[in-house]
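J.: Residue-level listing of the chains:
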Amino acid sequence: EPEVTQTPSHQVTQMGQEVILRCVPISNHLYFYWYRQILGQKVEFLVSFYNNEISEKSEIFDDQFSVERPDGSNFTLKIRSTKLEDSAMYFCASSESADSSYEQYFGPGTRLTVT
Amino acid sequence: GQSLEQPSEVTAVEGAIVQINCTYQTSGFYGLSWYQQHDGGAPTFLSYNALDGLEETGRFSSFLSRSDSYGYLLLQELQMKDSASYFCVISGNTPLVFGKGTRLSVIA
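Top to bottom, those sequences are chains A and B.
Note that the working numbering gives residue 34 to position 32 of the first sequence, counting from 1, and the numbers run on in steps of one.
Note that the working numbering gives residue -4 to position 8 of the second sequence, counting from 1, and the numbers run on in steps of one.
It is worth saying that the hints were derived from the structure and are not from the lab.
Treat the hints with care, as some may be off.
Simulated pairs of lysine-lysine, DSSO-like, Cα-Cα distance not exceeding 30 Å [said to hold, decoys possible]:
hint: 1; chain 1: B; residue 1: LYS69; chain 2: A; residue 2: LYS80
hint: 2; chain 1: A; residue 1: LYS80; chain 2: A; residue 2: LYS59
hint: 3; chain 1: A; residue 1: LYS44; chain 2: B; residue 2: LYS69
hint: 4; chain 1: A; residue 1: LYS59; chain 2: A; residue 2: LYS85
Sequences are here, hints too, so could you generate the full structure?
T.: Here you go:
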């Protein structure tokens, strides 16, 4: 069964550094998303991406964040100048279409720890 | 804004039935989904209701009443592996908006 994959599974970085989180969505899916989940809290939407551009973003997704689809398979989230409060689990997700966006397939996540 | 309310914790006995309720407030509502998340795992889609009524998928059923802004997830024949967090999620033609989740503990 096709699945979303994410690398790395755990990333430790120092405050102020830049990190890039990587995702490979399911191959025939057209919509891609990033979410974050601070430990013990709810899953929060960051950004959605379609047709090589951002389709929607939340208040959390400020200038510190950027997304890119550098090739036909990868989807990346870049966090510049990381802060302690960026420590969270970051999930990538994908869906086949806008109509089926209620059913999103999540990757296993990248646990980001900022020290 | 958008908000969802669901109980924070529920405990039930193996083999029993449990219902997790969810009320929501939103403008531009499309539908309500339910996701399951085991500790340390990723959210996994369970069900989606766009219309009023009951949707059944195996041991799990989900209900929606749009007029009452209310839904629930019903889990039957509970198994130990059902111990997880369950999120009601505003969904449809919009980014997913997760509730805070209900932690279900299934005990023997």
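J.: Given the hint that A/LYS44 pairs with B/LYS69, does the C-alpha gap stay at or below 30 Å?
T.: Judged against 30 Å, a Cα distance of about 21 Å means the pair holds.
J.: Regarding the pair A/LYS80 and A/LYS59, is the alpha-carbon distance no greater than 30 Å?
T.: Answer holds: A/LYS80 to A/LYS59 is near 14 Å, not above 30 Å.
J.: Would the pair A/LYS59 and A/LYS85 pass a check requiring their Cα atoms to be no farther apart than 30 Å?
T.: 20 Å, holds
J.: Under the criterion that the straight-line Cα-Cα distance not exceed 30 Å, is the pair B/LYS69, A/LYS80 satisfied?
T.: Answer violated: B/LYS69 to A/LYS80 is near 35 Å, above 30 Å.
The earlier numbered hint that this structure contradicts is number 1, and it is the only one.
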